[in-house]
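Taken in order, these protein sequences are the chains called A and B. By my numbering, the letter at position 616 of the first sequence is numbered 616, and the numbering carries on one by one without gaps. By my numbering, the letter at position 109 of the second sequence is numbered 109, and the numbering carries on one by one without gaps.
Derived from the structure by calculation, the hints contain no laboratory data. Relax, there's no trap hidden among the hints.
Once the Cα atoms are required to be at most 25 Å apart in a straight line, the calculated BS3-like pairs of lysine-lysine come out as:
| no. | chain 1 | residue 1 | chain 2 | residue 2 |
| --- | --- | --- | --- | --- |
| 1 | B | K277 | B | K231 |
| 2 | A | K577 | A | K561 |
| 3 | A | K723 | A | K7 |
| 4 | A | K393 | A | K311 |
| 5 | B | K231 | A | K457 |
| 6 | A | K145 | A | K778 |
| 7 | B | K232 | A | K458 |
| 8 | B | K231 | A | K458 |
| 9 | A | K587 | A | K487 |
So the derived label-pair ranges between C-beta atoms look like this:
| no. | chain 1 | residue 1 | chain 2 | residue 2 | range |
| --- | --- | --- | --- | --- | --- |
| 10 | B | V136 | A | K664 | 53 to 63 Å |
| 11 | B | T179 | A | D522 | 36 to 46 Å |
| 12 | B | T179 | A | P245 | 46 to 56 Å |
| 13 | B | R79 | A | K7 | 52 to 62 Å |
| 14 | A | V777 | B | P163 | 50 to 60 Å |
Computed from a predicted model, the values in this text were never measured in an experiment. Glycine included, each C-beta is placed from N, C-alpha and C at the ideal position.
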Amino acid sequence: MKKRNFKVVNKPLRKIDAMTLALGKPSYVGDLKPRDALIIKMLTSPHAHARITSIDISEAEQMPGVHAVLYYGNVPRIVHTTAGQGYPEPSPYDTFMFDSKMRFVGDRVAAVAAETEKIAEAALKAIKVEYEVLPAVLHIEDAMKEGAPVIHDEPEARAVIPVPYDKDRNMAAKVDMDIGEFEKGMAEADATVDHRFYNHYGQHCPVEPHVSMAWVDREDRIIITTSTQVPFHCRRIVAQTLGIPVRRVRVIKPRIGGGFGAKQEIVLEDVVAMMALRTRKPVYWEYTRKEEFISARTRHPMLMRIRIGAKRDGTITALGLDCLSNTGWNGSQGLTVVCNCGSKVLPLYRCEHIHFNGTVVYTNLPAGGAYRGYGATQAAFALECAMDEVAEKIGMDPLEFRAMNHIKSGDTSPIFRALGEGREGVDQAITSCELARCIKAGAREIGWRKRKPHSDKKGRFRRGLGMACLMQGSAIPEIDMGAATLKMNEDGSFNLLLGATDLGTGSDTVLAQIAAETLGTDLEQIIVYSSDTDMTPFDVGAYASSTTYLSGQAVQNVAEKVRKQILKVGAEMLDRKPSEVTVQDSKVVEKNGEGQVSFSEIALYSMYNTNQFQIGDISSKIVHHSPPPFAAHFAEVEVDTLTGRVQLIKYVAAADCGTPIHPKLAEGQVEGAVMNGITYAMTEQYLFNDKGRMTNPGFGEYKLFTLRDLPEMKTILVPSYEKTGPYGAKSIAEIGINGPMPAIGNAIYNACGVRLRSGPFTAEKVWQGLNGNLPEVKSE
Amino acid sequence: MNYTDFKTPTRLDEARALLKELGDAAVPVAGSTLHVFLRDETPRIAVDITRLGLDGIRREEGNFEIGATTRVAELLEFRDDGWVLDRVADAFVSQTVRNAATVGGSIVRTFPWSDFPVALLVLNASMIITGDSDRVVDADTYFASQPFHHFQPGDLLTAIRVPPLVAGEGFGYHKERRTGSDFSRLTLAARLDVREGRVGGLRIAAGSGVPLPTRLTAVEKALVGARPGPKKFAEAAEAGLEEVRWRGSAGLSDDYIRHLASVRIVDVLTQAYEEAKGERS
Ligand SMILES: Cc1cc2nc3c(=O)[nH]c(=O)nc-3n(C[C@H](O)[C@H](O)[C@H](O)COP(=O)(O)OP(=O)(O)OC[C@H]3O[C@@H](n4cnc5c(N)ncnc54)[C@H](O)[C@@H]3O)c2cc1C
Numbered sequence: 001m002k003k004r005n006f007k008v009v010n011k012p013l014r015k016i017d018a019m020t021l022a023l024g025k026p027s028y029v030g031d032l033k034p035r036d037a038l039i040i041k042m043l044t045s046p047h048a049h050a051r052i053t054s055i056d057i058s059e060a061e062q063m064p065g066v067h068a069v070l071y072y073g074n075v076p077r078i079v080h081t082t083a084g085q086g087y088p089e090p091s092p093y094d095t096f097m098f099d100s101k102m103r104f105v106g107d108r109v110a111a112v113a114a115e116t117e118k119i120a121e122a123a124l125k126a127i128k129v130e131y132e133v134l135p136a137v138l139h140i141e142d143a144m145k146e147g148a149p150v151i152h153d154e155p156e157a158r159a160v161i162p163v164p165y166d167k168d169r170n171m172a173a174k175v176d177m178d179i180g181e182f183e184k185g186m187a188e189a190d191a192t193v194d195h196r197f198y199n200h201y202g203q204h205c206p207v208e209p210h211v212s213m214a215w216v217d218r219e220d221r222i223i224i225t226t227s228t229q230v231p232f233h234c235r236r237i238v239a240q241t242l243g244i245p246v247r248r249v250r251v252i253k254p255r256i257g258g259g260f261g262a263k264q265e266i267v268l269e270d271v272v273a274m275m276a277l278r279t280r281k282p283v284y285w286e287y288t289r290k291e292e293f294i295s296a297r298t299r300h301p302m303l304m305r306i307r308i309g310a311k312r313d314g315t316i317t318a319l320g321l322d323c324l325s326n327t328g329w330n331g332s333q334g335l336t337v338v339c340n341c342g343s344k345v346l347p348l349y350r351c352e353h354i355h356f357n358g359t360v361v362y363t364n365l366p367a368g369g370a371y372r373g374y375g376a377t378q379a380a381f382a383l384e385c386a387m388d389e390v391a392e393k394i395g396m397d398p399l400e401f402r403a404m405n406h407i408k409s410g411d412t413s414p415i416f417r418a419l420g421e422g423r424e425g426v427d428q429a430i431t432s433c434e435l436a437r438c439i440k441a442g443a444r445e446i447g448w449r450k451r452k453p454h455s456d457k458k459g460r461f462r463r464g465l466g467m468a469c470l471m472q473g474s475a476i477p478e479i480d481m482g483a484a485t486l487k488m489n490e491d492g493s494f495n496l497l498l499g500a501t502d503l504g505t506g507s508d509t510v511l512a513q514i515a516a517e518t519l520g521t522d523l524e525q526i527i528v529y530s531s532d533t534d535m536t537p538f539d540v541g542a543y544a545s546s547t548t549y550l551s552g553q554a555v556q557n558v559a560e561k562v563r564k565q566i567l568k569v570g571a572e573m574l575d576r577k578p579s580e581v582t583v584q585d586s587k588v589v590e591k592n593g594e595g596q597v598s599f600s601e602i603a604l605y606s607m608y609n610t611n612q613f614q615i616g617d618i619s620s621k622i623v624h625h626s627p628p629p630f631a632a633h634f635a636e637v638e639v640d641t642l643t644g645r646v647q648l649i650k651y652v653a654a655a656d657c658g659t660p661i662h663p664k665l666a667e668g669q670v671e672g673a674v675m676n677g678i679t680y681a682m683t684e685q686y687l688f689n690d691k692g693r694m695t696n697p698g699f700g701e702y703k704l705f706t707l708r709d710l711p712e713m714k715t716i717l718v719p720s721y722e723k724t725g726p727y728g729a730k731s732i733a734e735i736g737i738n739g740p741m742p743a744i745g746n747a748i749y750n751a752c753g754v755r756l757r758s759g760p761f762t763a764e765k766v767w768q769g770l771n772g773n774l775p776e777v778k779s780e
Numbered sequence: 001m002n003y004t005d006f007k008t009p010t011r012l013d014e015a016r017a018l019l020k021e022l023g024d025a026a027v028p029v030a031g032s033t034l035h036v037f038l039r040d041e042t043p044r045i046a047v048d049i050t051r052l053g054l055d056g057i058r059r060e061e062g063n064f065e066i067g068a069t070t071r072v073a074e075l076l077e078f079r080d081d082g083w084v085l086d087r088v089a090d091a092f093v094s095q096t097v098r099n100a101a102t103v104g105g106s107i108v109r110t111f112p113w114s115d116f117p118v119a120l121l122v123l124n125a126s127m128i129i130t131g132d133s134d135r136v137v138d139a140d141t142y143f144a145s146q147p148f149h150h151f152q153p154g155d156l157l158t159a160i161r162v163p164p165l166v167a168g169e170g171f172g173y174h175k176e177r178r179t180g181s182d183f184s185r186l187t188l189a190a191r192l193d194v195r196e197g198r199v200g201g202l203r204i205a206a207g208s209g210v211p212l213p214t215r216l217t218a219v220e221k222a223l224v225g226a227r228p229g230p231k232k233f234a235e236a237a238e239a240g241l242e243e244v245r246w247r248g249s250a251g252l253s254d255d256y257i258r259h260l261a262s263v264r265i266v267d268v269l270t271q272a273y274e275e276a277k278g279e280r281s
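Chain A with its partners taken away, still in its complex shape (with noise of 0.2 Å):
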């Protein structure tokens, strides 16, 4: 690859807020809750499915103290989706403020606005509700089964754009594609395999749990300081919610203690714009770790069959997944997850003859959402081993068979264009992919070569490696869009102002380098704003992995803007054409190296002396791509044969994203990413009661890795240029979490012969394998 001479992009420069946050200064909303707030409290169903015969808030509202109670009697009934997607959403509008129908443990029924946490607790206590318990949907298999009952009976619930939706049998959406014949492909194949997979309910876990307060300013408008990855989204579903004009909505989006996707999605901004409205007063909700475990979001559990048949030289002769998904109690993002299944994964290997089926059905559990991965993970973990199952039985070095078989540069998929988010794709050809090489890398790193079959390892303590290949994308072209504006300072600072959302990556750190490369100038003399939606220009907000492709983008082309304004000001201060001077180290100088101007004096220029104008401009942009980031992933495990215990050694993550605009925060992404994944595979868990309860809703119980568990990690950042992206850069932040669950699985097997084929990856699992009795595989 040409090296590339890049001043501040590709470097790993301070992030613009690091020393802010390093200080605790004030960044957070909890930081920002103004003494007086009133405290919000949800009084909360224990039941999976019910309906509410009875409610009295009369004592509750009358307790000092306490300023509103909300429930089903007393505020608006519209319908809405609380998905933070573009407009139209492809997910259905299936949600209430409050309902007086139960849909599962954890599900709204009244909320309270106290002065104090505790006589909010107190009044919740004070709320009389009677139920009508009914039958619950609480297991996948179960949600089509003729006779099952029916979630979502409301007349409202609805699809909003044109794609299945049948309300009446639980089913929340369906996606088919066929490519070729498949069955063919299966009968033409010398080998195959036909497995099911199950991927188990997760959760993002940010430290910085859902919160969100919100006030009404003298014009009589709701300004909302949230926790969101979707400040646009958030304003324009509010809005409906409550059935007020976006004009009287605002959204700030302060500092976020992370995401991963659970903050696209309108968990608790309605209420607390409606409480706000109610009481007139300030008002602050946050959700405790039980509720952020229970009722905000998780991953989309799913139940997959996948089908790969194969030709002894290692010609893949046909590919199919089938994904029944789980979205729980509403069907948040659940046709764009079950699309990512397909189009995210199934590309990543040619093949003629390609099925793919996606079907979400409504369950009376937590509710899936957006989660860093978004359907690629789930898929990943059933294909990725499949690849594995599929090499062994034409004896085949699974790295061989995936070196074969990988899409490369040049190529392209007709996954593509006939698989889009809820919608037809767009066709593209991969224009960058160095997923070859970091094969070669990752495998040099873990020591491929030394790899035996199980059938050739002794002893109680045996070791593997397993490895795993993956693809995602950058952004969703022809959907997403991103804005920026940029204007300049006396001093020849610039205000960058930004849609997007940093929740924690270091994006707003990343796109003030691509203006400050674009500009010619340093990183500090970029002050960045974002988001807020009286401020700022429109942005899809942080998903899909867009925000550096997408958003950088946008920067991109403003600054270049700004610079042509920039360079026609500098040449006529130098009496010079534009054409004859350039821009170097924040001044416009000649080309001839004789004359030159600051920025700064170039700002002074334009706003108080001749031709007086604010140099600065806004730009947008969507895209028509979504090149793809490549990763190959290895793992190294020693699994206990006497206990199953698995023992994770070793994790390899080399990746190509094009270039890292930052490489400390790419790495960063890669290595946070890449241990979600491994402690998503290896420990958490929701266990439910028969009742549909979640029984292990703490950090207690539901156990995360921390820095004391990690295994000796490696990320290889391997570099290519992607020519669609700005200075040749795509997504990384996303495409890690998808690689443990199928490289740790692989490496078991390859340990001790056991096919692990749902998570997590318990000893006891391990220990039904080694005995042959592995339960089959079915959801929670």
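Starting from the known structure of chain A, fit chain B with the ligand onto it as the hints suggest.
Frame of chain A, contents of chain B with the ligand only:
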């Protein structure tokens, strides 16, 4: 917990007098970490017992005498011949909690998953309680039920006496957990000595997976006087399985924990045996 006041006595008698006088309205607090697990909202006065000079580890008449308010972090750092509690402290949650929690606090109110009771049982420790009548309670009696039953208002645990390991003795400890900071799903500890090629004395106990830390006397019986070795350990473990009703947690089944116990009993016996033979540092 709902603390309404915080008293900071600096002498043992002063603290005891306060606690006695206030009765149920007060509670002694050391590291004050237990409140994370308690739902009790009754208003109480906290009497801080960390300034009474009850901390530190000393040798006293051949034994280790651990002051009740010694932080678990100190147990991890401490080194001396025959000292093994650093291994238990190492498995104790996290450094953050080790820095705050005291060894006394962790054995006055215990949980099935508590680490120290199992180790102290096999080490044959004694608990020194200072009250109107001072007493020394042996580990078997002390841990036979929830230990706080041994305390009257004004009584304080002041020290723990632990006999050190001597030549020919070994200690084995295992805590089964999903992550470094997890609660134990099964704890096993063993102290064993070998005399003339045979098991001379053995104390082995289990925690977690069982309601209260329990000596596995059938294992002890099967091994004392026997020639130690993997086969014998496995046979003894089988005997131990019958003694206790093993319970699963965190999604792990009873059957699995029972199986795990059969493996881990052998593991801790092997560790202790190797150490007794001087093969383990
Ligand atoms: C998140 C977390 C995880 C934990 N995990 C584990 C674990 O895996 N294994 C484990 O063993 N421990 C664990 N612990 C620690 C344990 O549960 C207790 O919280 C801790 O040991 C108590 O010590 P303390 O000094 O903080 O006691 P305190 O909280 O101050 O007191 C505990 C109780 O003992 C009484 N008390 C304290 N000292 C005395 C005394 N000298 N005389 C009489 N009464 C006294 C108090 O009145 C109180 O009732 C964990 C703690 C936390 C917070």
